[in-house]
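**Q** Protein chains in written order, with the numbering used here: chain A, 1 to 213; chain B, 1001 to 1213.
Treat the hints as calculated values from the structure; they're not laboratory data. Note that the structure is predicted; figures quoted are calculated from it, not measured. For each residue, glycine too, the CB sits at the ideal point set by N, CA and C. A few of these clues could be false.
Unchecked claim - Here are some chain B residues pointing at chain A (derived, C-beta under 7 Å):
#, residue
1, Gly1118
2, Gly1119
3, Tyr1137
4, Gly1138
5, Ala1139
6, Ser1160
7, Val1174
8, Leu1195
9, Ile1197
10, Gly1200
11, Val1202
Unchecked claim - Label pairs and their computed distance ranges (CB to CB):
#, chain 1, residue 1, chain 2, residue 2, range
12, B, Ala1065, A, Glu26, 46 to 56 Å
13, B, Leu1195, A, Leu71, 17 to 27 Å
14, B, Leu1195, A, Ser19, 22 to 32 Å
15, A, Asp55, B, Glu1069, 54 to 64 Å
16, A, Arg146, B, Gly1099, 22 to 32 Å
17, A, Phe57, B, Glu1186, 38 to 48 Å
18, B, Ala1098, A, Glu169, 24 to 34 Å
19, B, Ala1098, A, Glu171, 44 to 54 Å
To be verified - Straight-line Cα separation of at most 27 Å, DSSO-like style, residue types lysine-lysine; simulated pairs:
#, chain 1, residue 1, chain 2, residue 2
20, B, Lys1015, A, Lys170
21, A, Lys15, B, Lys1199
22, B, Lys1183, A, Lys199
23, A, Lys170, A, Lys10
24, B, Lys1170, B, Lys1183
25, B, Lys1015, A, Lys44
26, A, Lys15, B, Lys1170
Number of protein chains: 2
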Amino acid sequence: MYFHALIPFKPVNPKTRLSCVLDQEEREAFARCMLDDVIGAVLKSGCSATLLCTDPFEHEDALIAVRREPLNDAINWALPQFHCPALIIMADIPLVRAGDIQRLVSTAKDMAIVPGRGGGTNAIFLKKPRCFRADYYGASFLDHMRIAEECGFSVEVIDSYRMSTDMDEKEDLVELLIHGRGKSREFLERLGFALSIEKGRVGVKRRSHEETL
Amino acid sequence: MYFHALIPFKPVNPKTRLSCVLDQEEREAFARCMLDDVIGAVLKSGCSATLLCTDPFEHEDALIAVRREPLNDAINWALPQFHCPALIIMADIPLVRAGDIQRLVSTAKDMAIVPGRGGGTNAIFLKKPRCFRADYYGASFLDHMRIAEECGFSVEVIDSYRMSTDMDEKEDLVELLIHGRGKSREFLERLGFALSIEKGRVGVKRRSHEETL
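Assemble the whole structure, with the sequences as input and the hints as a guide.
**A** Right, dumping it as structure tokens:
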């Protein structure tokens, strides 16, 4: 089935909760690597991508719409323009693979949704996107389930660890270092990030610049 | 396919990282509810269960082996005794459903593994359990992948948010309050736990005893 993916992206000063381990320039580069991993999976599953960017940005594999309004407004500006099924997918889920997206878009229901950790929504596939509206922030998974009900949509909840895992905080990098395969993992390793195991718990450590040389 | 599930369980003073919101008696009752949810899913998928308990315990739907040695030793005592495929599954993944277990045990590979967050392993299905040995703690997912390779096993990694979500810390309770359907969620709600949304992030709060009356 042909569909078009909508990927919100913040090119400038993204992922501020990672400031404890990455400076602004590194966070921007890391966000770009994660975006590349997500776009890679989207294109591999046979579909096209549009980035909803908060600032001017260029990407050779995607269309760009610069939208300076808040996230929900930007998505709700885009959705009514869709004449084919749409996938709204977050740019910070670098573990996603093309096969995972296929699980989503092959749903028999009107809508498929992937919860993110902490009540969030990491992906929504909509066969009739024009009826829907996004409501991110807070417990958006519950909000989106409610909106789907208002639209009269049947819904499949997709159970996927890889798609539910977003990179918000230092602890999330553990998942990427263990399960990642793409550019984002390479990027972290190049910066000197590695797993650190203390008292049976797994964390990440970053070697100093001197150690990595 | 018939298989037997091995479920490690600590009846006394479990889940100490939840001490900030639950006293010992409540943690013991909560662990028991989670165990019931897991056993429920296991039995519904057509299989039997044995609990590896650190202390004497009774459960009407499972066999019990009291094993006072550390977790790995207890599992590695049990595995060589298996003459049928075995599922090792953690007792603290109350979001698991029978259909999720079916995804695991219907693998075409020699082994299926479900990563837990933070490098852990939440479930392993083994067609030839006698060859394998468990190595929990630390980055056990990577260790188990290595051991599988040593055994010459083909491996399927099962991508499941529900099975990868264990209940270790207060933040994990958010997942249960949003996605749970079983006894564990009911238990938390009965104690006055509810979602709390502040500055766009979702947490849990517990009403005081007076407020719940």
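**Q** All the hints need checking, so say for each whether the structure fits it.
**A** Status of the hints after comparison with the structure:
1. For the restraint placing B/Gly1118 at the interface with chain A, the shortest Cβ-Cβ distance is roughly 5 Å, inside the 7 Å limit, so the hint holds.
2. The closest approach between the C-beta of B/Gly1119 and any C-beta of chain A is roughly 4 Å, which is under the 7 Å cut-off, so the hint is satisfied.
3. At about 4 Å, the closest approach between the beta carbon of B/Tyr1137 and any beta carbon in chain A falls short of 7 Å, and the interface hint on this residue holds.
4. Interface hint at B/Gly1138: satisfied, since its Cβ lies 5 Å from the closest Cβ of chain A, which is below the 7 Å cut-off.
5. Because the beta carbon of B/Ala1139 sits about 5 Å from the nearest beta carbon in chain A, less than 7 Å, this interface hint is met.
6. Hint on B/Ser1160 holds. Least Cβ distance to chain A is approximately 5 Å, under the 7 Å limit.
7. Given hint, B/Val1174 at the interface with chain A, holds; its Cβ is 6 Å from that chain's nearest Cβ, closer than 7 Å.
8. Interface restraint check: B/Leu1195 against chain A, minimum CB-CB distance 6 Å, threshold 7 Å, status holds.
9. The interface hint given for B/Ile1197 is met, as the beta carbon of that residue sits about 5 Å from the closest beta carbon of chain A, less than 7 Å.
10. At about 4 Å, the closest approach between the beta carbon of B/Gly1200 and any beta carbon in chain A falls short of 7 Å, and the interface hint on this residue holds.
11. Because the closest C-beta pair between B/Val1202 and chain A is about 4 Å apart, less than 7 Å, the hint holds.
12. Between B/Ala1065 and A/Glu26 the beta carbons are some 50 Å apart, a value that agrees with the proposed interval 46 to 56 Å.
13. Taken as a hint, the range 17 to 27 Å holds for the pair B/Leu1195 and A/Leu71, whose Cβ atoms sit roughly 21 Å apart.
14. Our hint of 22 to 32 Å for B/Leu1195 and A/Ser19 holds, since their Cβ atoms are close to 27 Å apart.
15. Between A/Asp55 and B/Glu1069 the beta carbon distance is about 58 Å. The supplied range of 54 to 64 Å therefore holds.
16. In this structure the supplied range 22 to 32 Å holds for A/Arg146 paired with B/Gly1099, their Cβ-Cβ distance being about 24 Å.
17. The given range of 38 to 48 Å is respected by A/Phe57 and B/Glu1186, whose C-beta atoms sit roughly 47 Å from each other.
18. For B/Ala1098 and A/Glu169, the hinted distance range of 24 to 34 Å is satisfied, since their beta carbons lie about 33 Å from each other.
19. For the pair B/Ala1098 and A/Glu171, the beta carbons lie near 30 Å from each other, so the given range of 44 to 54 Å is not met.
20. Under the criterion of a C-alpha separation no larger than 27 Å, the hint pairing B/Lys1015 with A/Lys170 is consistent with the structure, at around 23 Å.
21. Restraint check for A/Lys15 and B/Lys1199: satisfied, since their Cα atoms lie roughly 16 Å apart, inside the 27 Å limit.
22. Restraint check: the Cα-Cα separation between B/Lys1183 and A/Lys199 comes to about 31 Å, which exceeds 27 Å; the hinted pair is violated.
23. For a cut-off of 27 Å, the pair hint linking A/Lys170 to A/Lys10 stands: about 19 Å separates their Cα positions.
24. Pair hint B/Lys1170 plus B/Lys1183 holds up; C-alpha atoms about 18 Å apart against a cutoff of 27 Å.
25. Taking the CA atoms of B/Lys1015 and A/Lys44, the gap is near 42 Å; set against the 27 Å cutoff, the hint is violated.
26. Taking the CA atoms of A/Lys15 and B/Lys1170, the gap is near 23 Å; set against the 27 Å cutoff, the hint holds.
In summary, the structure is inconsistent with hints 19, 22 and 25 from the numbered list given earlier, while agreeing with the others.
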